[in-house]
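Chains as they are written, first to last, in our numbering: chain A, -12 to 53; chain B, 1099 to 1235.
All the pointers check out, no bait thrown in.
Only pairs whose alpha carbons sit at most 30 angstroms apart, straight line, appear in this in silico DSS-like list of lysine-lysine:
#, chain 1, residue 1, chain 2, residue 2
1, B, 1112, A, 34
2, A, 34, B, 1235
3, A, 24, B, 1108
4, A, 24, B, 1177
5, B, 1165, B, 1112
6, A, -11, B, 1235
Keep in mind the hints are simulated off the structure, nothing from the lab.
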Amino acid sequence: MKNRLKVLRAERDWTQADLATALEVTRQTINAIETGKFDPSLPLAFKAARLFGLKIEDVFQDEVTS
Amino acid sequence: MEKQTSDWNKNTKKNTIRLFRWTMAWVLTLAIATFGRLYIWESNTLLSLIAIGVNFAIGIGYIFANKHHLRGLDELQQKIQLEAMALSLSVGIVSGLTYSLLAQAKLVHPHAEISNLIILMGITYSIGIFLGNRRYK
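For reference, chain A alone in the conformation it holds in the complex (with noise of 0.2 angstroms):
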């Protein structure tokens, strides 16, 4: 699963740490998450969309394609 969480956080000048301090996860997470080494769970997938303002598929995307 493809996220754009860096991109989302950069914009807005937060650090990982930053995030994963308002997502209530440690910042390993969000590194794992951002590198493509973990795909969080639907509620905090759902929870990082709502912090960003954002539907969830503006920030996660299913790296499958037809």
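With chain A held as given, fit chain B onto it using these hints.
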């Protein structure tokens, strides 16, 4: 938002400290129950029973503290813990039963203690945590 998030960090830290205290208490009472019988009260059955009972009761507290700590972790940390525990449990079961079969077949000297299994599981759990943290670094 700021208050909520600092609460989460505070809770995580509190859970870790609580788990550490319960672990220390359990280890200490285990040592008392083990060595007290050998070096302090020797053949006094009542004192042995009390020491074992206290250790067991604190062990229950330790189990709940561990559960509480795990539930307080974020989802990636829980995944790392789950994978490490799965590794530890499966290595423990497979190794323990293999050793048991070898002992029944009289192919090894059957002198393994339960502590050997616990040490093996502890080591594999630590390796699992190390590998998990490295994978998701």
